[in-house]
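Student: Residue numbering for the sequence shown follows this note's numbering, beginning at 173 and increasing consecutively.
By construction, these hints were calculated from the structure, which means they are not laboratory data.
Quick caveat: nothing in here was measured; it's all calculated off a predicted structure.
There may be inaccurate statements among the hints.
[Said to hold, decoys possible] Under the rule of at most 20 Å between Cα atoms (straight-line distance), these lysine to aspartate or glutamate pairs were calculated in the EDC-like manner:
| no. | residue 1 | residue 2 |
| --- | --- | --- |
| 1 | Lys181 | Asp373 |
| 2 | Lys179 | Glu318 |
| 3 | Lys243 | Glu276 |
| 4 | Lys181 | Asp263 |
[Said to hold, decoys possible] Derived DEER-like restraints, expressed as beta-carbon distance ranges:
| no. | residue 1 | residue 2 | range |
| --- | --- | --- | --- |
| 5 | Val282 | Leu222 | 24 to 32 Å |
| 6 | Trp278 | Asp373 | 39 to 47 Å |
| 7 | Val183 | Phe241 | 31 to 39 Å |
| 8 | Trp278 | Leu326 | 27 to 35 Å |
| 9 | Leu326 | Arg244 | 21 to 29 Å |
| 10 | Asn323 | Ser240 | 19 to 27 Å |
| 11 | Leu234 | Arg374 | 33 to 41 Å |
| 12 | Asn303 | Ile230 | 23 to 31 Å |
| 13 | Trp278 | Lys369 | 22 to 30 Å |
| 14 | Asn323 | Arg370 | 14 to 22 Å |
| 15 | Gly347 | Leu326 | 20 to 28 Å |
Glycine included, every Cβ here is placed at the ideal spot set by N, Cα and C.
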Amino acid sequence: MIMRVSKAKYVVYVLGIFILTLGISFTIQSGLGTSPFDALLVGLSINVGLTVGSWEIIIALLLIGCNSFLKRQRPEFLGLLTAFITGIGIDMWLFLLHNLITLELWYSKVVYFGIGLVVIGLGTATYLHTNFAPIPVDRLTLIIQELTGKNIFLSRTFIYLVFLIMAMIFNGPIGIGTLLTVCLGGLILNYFMPFTKRVLDRILTHSSTSPNIDTDIIE
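With the sequences and hints as input, model every part of the structure.
Tutor: Below you can see the structure in the form of structure tokens.
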């Protein structure tokens, strides 16, 4: 089967990941608590060693095995590429934001966290719609949604609760922001999914039919 895949798709894919990692870094820097998954990564980084981005890659490898078991199919190792780019993005943004921004007032932390939460939802929805190598934790969200027949909000919330328990074990940065992420993270993603689909469908369709944009042929 021959598929024509526009280069714009891969640009959107990488852009979505870097938007996602910017949002993750915002929530970490806010000091109000991160998503349960990111809290686990930070907790492992502080208590075990390595960078937050490194643990993103390690946990992704474990989740690839879990997803393979649930789907009864070969492991999607391509998802490790996304995790690798995500890990680099998180470490890069944390380095840049640490040197550029210092939050002291509580309301500035709230604003910073709120922006981060929205940006995470936008970035996740953006790169997921390219349908190219989802981060294993996002693939797990889609798998649970498919297996249970529930919407993505409930699937995401369930996964967040599992990682919340694990983050507590490793003393990750859990706070009011973590609770807000559990309650609102899936809802925000559920909101952005149809929005980004409409926008990206127009962009990718236009780019694939435009004579000015080259396409790659994949066997």
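Student: Evaluate each hint against the coordinates.
Tutor: Going through the hints against the structure:
In summary, the hint linking lysine 181 to aspartate 373 is supported, as the alpha carbons are separated by about 10 Å, within the 20 Å threshold. With a C-alpha separation of about 29 Å, the suggested pair lysine 179 and glutamate 318 falls outside the 20 Å cut-off, and the hint is violated. Our distance criterion of 20 Å between C-alpha atoms is broken by lysine 243 and glutamate 276, whose separation comes to about 46 Å. Simply put, lysine 181 and aspartate 263 have alpha-carbon atoms about 24 Å apart, too far for the 20 Å limit, and the pair is violated.
Look at valine 282 against leucine 222: about 30 Å separates their beta carbons, and that is inside 24 to 32 Å. Checked against the given bound of 39 to 47 Å, the beta carbons of tryptophan 278 and aspartate 373, roughly 41 Å apart, stay inside it. The hinted range of 31 to 39 Å is satisfied by valine 183 and phenylalanine 241, whose Cβ atoms lie roughly 33 Å apart. For the pair tryptophan 278 and leucine 326, the supplied restraint of 27 to 35 Å holds, since their beta-carbon distance comes to about 32 Å.
Between leucine 326 and arginine 244 the beta carbon distance is about 23 Å. The supplied range of 21 to 29 Å therefore holds. In this structure the supplied range 19 to 27 Å holds for asparagine 323 paired with serine 240, their Cβ-Cβ distance being about 24 Å. Against the hinted window of 33 to 41 Å, the Cβ-Cβ separation of leucine 234 and arginine 374 comes to about 37 Å, which satisfies the hint. Evaluation of the 23 to 31 Å hint for asparagine 303 and isoleucine 230 yields a pass: the beta carbon distance comes to about 25 Å.
Taking the beta carbon of each, tryptophan 278 and lysine 369 are about 36 Å apart, not inside 22 to 30 Å as hinted. Between asparagine 323 and arginine 370 the beta carbons are some 18 Å apart, a value that agrees with the proposed interval 14 to 22 Å. At roughly 24 Å, the beta carbons of glycine 347 and leucine 326 sit within the given window of 20 to 28 Å.
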